[in-house]
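In terms of numbering that gives the first Met the number 0, the sequence shown has 383 at position 384, counting the first letter as 1, and numbering is strictly consecutive.
Warning: the hint list may mix true and false statements.
[As the list claims (entries may be wrong)] No farther apart than 27 Å at their CA atoms in a straight line, the calculated lysine-lysine pairs in the DSS-like style are these:
| no. | residue 1 | residue 2 |
| --- | --- | --- |
| 1 | 353 | 260 |
| 2 | 159 | 214 |
| 3 | 284 | 214 |
| 4 | 445 | 353 |
| 5 | 159 | 260 |
| 6 | 284 | 353 |
| 7 | 284 | 260 |
| 8 | 122 | 159 |
| 9 | 399 | 214 |
| 10 | 330 | 353 |
| 11 | 162 | 214 |
| 12 | 122 | 284 |
[What the hints assert, rightly or not] Restraint ranges, calculated between C-beta atoms of paired labels, are given here:
| no. | residue 1 | residue 2 | range |
| --- | --- | --- | --- |
| 13 | 468 | 156 | 52 to 60 Å |
| 14 | 294 | 393 | 35 to 43 Å |
| 15 | 110 | 390 | 17 to 25 Å |
| 16 | 479 | 159 | 12 to 20 Å |
| 17 | 179 | 64 | 32 to 40 Å |
| 18 | 509 | 569 | 20 to 28 Å |
| 19 | 511 | 260 | 53 to 61 Å |
Derived from the structure by calculation, the hints contain no laboratory data. All C-beta atoms in this analysis are idealised placements derived from N, C-alpha and C, irrespective of residue type, glycine included.
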Amino acid sequence: MKHKTGKLVSLLCAVSVAAAGAAYAMPAAALEGFDPGLGVLGIHQTGSCGEQVTWSLDEETGTLTISGTGDMAMSNRELMLGFLPIAGSVQSIVIGEGVTGICANAFLGFDRLTSVTLPESLKRIGQGAFDGCRSLEELDIPAGVEDIGAYAFLETPWLKHQKETQSMVIVGGVLLCCGNECPGERLTAEEVYALTGNQFYFEDMYALTIPDGVKTIADRAFAGCYEMITLTVPEGVEKIGAEAFYCCTYLVQADLPDTLKEIGSLAFGGTDLRPGFELPAGVEKIGGGAFNTAPFFLQIAETEPFAILNGYLLKAGTEQSGVVTIPDGVKEIGTLAFCECTGITSVVIPDSVKVIGESAFAGCTNLTSVQFADGLEHIGNYAFNGCPLLSEIDLPDTVKTIGDGAFFECSALQSLDLSAALEDIGFNAFACCPALTEVNFPDSLKNIGESAFARDGLLSVVLPDGLESLGVYAFSENGQLVSVTIPDTLAGIGTGVFDGTPWQTALASTDPFVIFNDILMRGGTAASGEITLPDGIREIADDAFRECADLLCVQIPDSVTKIGDFAFEHSGLTELVIPPNVTEI
Numbered sequence: 000m001k002h003k004t005g006k007l008v009s010l011l012c013a014v015s016v017a018a019a020g021a022a023y024a025m026p027a028a029a030l031e032g033f034d035p036g037l038g039v040l041g042i043h044q045t046g047s048c049g050e051q052v053t054w055s056l057d058e059e060t061g062t063l064t065i066s067g068t069g070d071m072a073m074s075n076r077e078l079m080l081g082f083l084p085i086a087g088s089v090q091s092i093v094i095g096e097g098v099t100g101i102c103a104n105a106f107l108g109f110d111r112l113t114s115v116t117l118p119e120s121l122k123r124i125g126q127g128a129f130d131g132c133r134s135l136e137e138l139d140i141p142a143g144v145e146d147i148g149a150y151a152f153l154e155t156p157w158l159k160h161q162k163e164t165q166s167m168v169i170v171g172g173v174l175l176c177c178g179n180e181c182p183g184e185r186l187t188a189e190e191v192y193a194l195t196g197n198q199f200y201f202e203d204m205y206a207l208t209i210p211d212g213v214k215t216i217a218d219r220a221f222a223g224c225y226e227m228i229t230l231t232v233p234e235g236v237e238k239i240g241a242e243a244f245y246c247c248t249y250l251v252q253a254d255l256p257d258t259l260k261e262i263g264s265l266a267f268g269g270t271d272l273r274p275g276f277e278l279p280a281g282v283e284k285i286g287g288g289a290f291n292t293a294p295f296f297l298q299i300a301e302t303e304p305f306a307i308l309n310g311y312l313l314k315a316g317t318e319q320s321g322v323v324t325i326p327d328g329v330k331e332i333g334t335l336a337f338c339e340c341t342g343i344t345s346v347v348i349p350d351s352v353k354v355i356g357e358s359a360f361a362g363c364t365n366l367t368s369v370q371f372a373d374g375l376e377h378i379g380n381y382a383f384n385g386c387p388l389l390s391e392i393d394l395p396d397t398v399k400t401i402g403d404g405a406f407f408e409c410s411a412l413q414s415l416d417l418s419a420a421l422e423d424i425g426f427n428a429f430a431c432c433p434a435l436t437e438v439n440f441p442d443s444l445k446n447i448g449e450s451a452f453a454r455d456g457l458l459s460v461v462l463p464d465g466l467e468s469l470g471v472y473a474f475s476e477n478g479q480l481v482s483v484t485i486p487d488t489l490a491g492i493g494t495g496v497f498d499g500t501p502w503q504t505a506l507a508s509t510d511p512f513v514i515f516n517d518i519l520m521r522g523g524t525a526a527s528g529e530i531t532l533p534d535g536i537r538e539i540a541d542d543a544f545r546e547c548a549d550l551l552c553v554q555i556p557d558s559v560t561k562i563g564d565f566a567f568e569h570s571g572l573t574e575l576v577i578p579p580n581v582t583e584i
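Model the full structure from these sequences, guided by the hints.
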């Protein structure tokens with residue numbers, strides 16, 4: 000996310016303006032009580048909140064406008080820096096046509112918000128998007144919305160009213176949650192006993208039938224509804240969200256439709272679904288732990304080598320040890336499938352497998368080798384996290400993405416052959432692999448995530464020409480790194496990419512400033528007293544002069560258009576000159 004300067008306001012003292020179009024100079028008095036880390040002027044009135052989506056705040060009316068095309072996309076850090084400072088000022092939100100998704104936690108805690116205008120183009124509302132909007136009483140959700148995350152409207156008067164007046168809250172084709180009253184057909188004690196064989200009986204136990212017209216059952220829609228005994232889902236429903244029926248502890252039967260395509264993680268976890276439950280053949284995606292602890296699922300896991308449903312290997316079955324060969328035909332190895340199977344020493348994966356799920360082999364402490372096959376496209380977050388004996392990885396040329404922490408703390412890893420099709424390496428993907436001394440990056444690579452190779456043993460780094468983004472601290476704390484080649488075309492370089500490396504230390508000790516591709520990354524030998532930054536730099540990176548206590552005055556050249564987050568935090572800055580071309584702070 001980018002923050003852009005809006006109108007200039009005085010801080011504690013007036014900011015002098017020499018002339019129209021001239022640079023703004025702030026003397027020491029104007030900086031009292033001001034934290035430069037929050038943006039040089041402390042003003043965040045406009046910014047980006049997605050690849051092609053922007054936001055702007057009209058302070059006079061308290062209206063926040065979201066404009067552009069595509070989904071909103073903001074990390075927690077970006078939300079903290081962008082929306083948290085304005086949360087108490089926003090009274091209305093207008094989201095323009097073209098915006099298709101609201102990101103998770105987007106407007107969390109906007110407690111003065113009373114009005115929201117949503118576009119017909121909207122398809123998705125993320126988890127917790129309007130959570131804590133305690134003044135939001137009215138809301139019109141477009142019929143085209145297909146997915147609503149958990150807690151999206153938690154603690155809003157609007158949701159409270161819906162639950163008071165409806166047995167099931169349905170907006171468009173999304174069944175959001177149940178109401179305050181029993182939403183199903185009440186059962187007698189005799190009926191409950193016939194279904195469950197259980198003498199225990201609760202007065203409000205019921206059989207639930209989902210109404211026609213629903214396409215999606217939202218995340219956590221009925222989570223914890225222990226009174227539910229049976230479930231009938233009609234034709235037309237295509238998705239059951241994560242934890243939708245989680246911990247419905249007396250749910251013994253579920254009749255699912257042939258139209259169903261997706262079941263989210265833990266959707267039926269903690270239920271009592273019995274042997275005889277049938278999963279429709281059309282289900283194409285099953286989330287991790289979708290049927291955890293359900294008796295029908297446990298029976299499969301106890302009697303078969305692998306618990307496989309519709310091509311998804313969801314759990315290692317009978318005790319696994321030694322060499323494990325995944326059956327041909329499996330298309331995805333699910334979340335936690337082999338997690339902490341400490342007896343496994345080697346895994347052979349067939350070419351039918353497209354995805355290795357989150358934490359699938361995490362904590363397999365005796366795993367020494369994995370034989371991957373062509374066909375694999377994605378390795379999920381933390382898939383091989385904490386496999387300390389895994390020494391060699393040879394990825395097929397079909398792999399496109401490697402998730403966060405996928406090989407984190409694989410301390411014996413020495414050799415890494417990346418896929419020729421690889422485009423994205425996630426946060427911490429290969430961090431804390433001290434034996435890893437060399438990596439050859441393919442030309443296809445577009446993004447290296449935050450801390451992806453931090454605290455490794457790399458000796459040199461040659462980044463490919465096609466690289467577009469290099470995340471914060473990506474190669475930090477590589478104590479043996481002495482050689483780095485960065486392509487001139489790389490525009491997005493994060494904070495502290497090479498902090499704690501001999502290569503950067505050498506630069507900082509000999510050069511006035513540490514500059515990569517016209518981005519001033521760190522103050523070097525010149526980061527004290529009164530300094531003039533070199534002409535030609537286009538950006539001052541996040542944290543560039545953070546903790547530079549001896550820095551008093553900075554002259555910024557006209558070439559600079561962006562000043563990063565916390566750029567001058569906790570410095571000794573007493574005067575700062577900002578040129579008119581700076582548009583993002």
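A quick look at each hint next to the structure:
1. 353 - 260: 17 Å, holds
2. 159 - 214: 23 Å, holds
3. 284 - 214: Roughly 16 Å between the alpha carbons, so the hint for residue 284 and residue 214 holds.
4. 445 - 353: With Cα atoms ~21 Å apart, residue 445 and residue 353 stay inside 27 Å; holds.
5. 159 - 260: Measuring from Cα to Cα gives roughly 31 Å; hence the hint is violated.
6. 284 - 353: 12 Å, holds
7. 284 - 260: 7 Å, holds
8. 122 - 159: 23 Å, holds
9. 399 - 214: Violated, at about 31 Å.
10. 330 - 353: Between residue 330 and residue 353 the Cα gap is close to 5 Å, so the pair holds against 27 Å.
11. 162 - 214: Distance ~20 Å between residue 162 and residue 214 Cα, so the pair holds.
12. 122 - 284: 20 Å, holds
13. 468 - 156: 52 to 60 Å: 41 Å, violated
14. 294 - 393: 35 to 43 Å: Cβ of residue 294 to Cβ of residue 393: about 40 Å, so the range 35 to 43 Å holds.
15. 110 - 390: 17 to 25 Å: Violated - the Cβ-Cβ distance for residue 110 and residue 390, about 53 Å, lies outside 17 to 25 Å.
16. 479 - 159: 12 to 20 Å: 59 Å, violated
17. 179 - 64: 32 to 40 Å: 35 Å, holds
18. 509 - 569: 20 to 28 Å: With a Cβ separation near 25 Å, residue 509 and residue 569 satisfy 20 to 28 Å, so the hint holds.
19. 511 - 260: 53 to 61 Å: 59 Å, holds
In summary, the numbered hints that this structure violates are 5, 9, 13, 15, 16.
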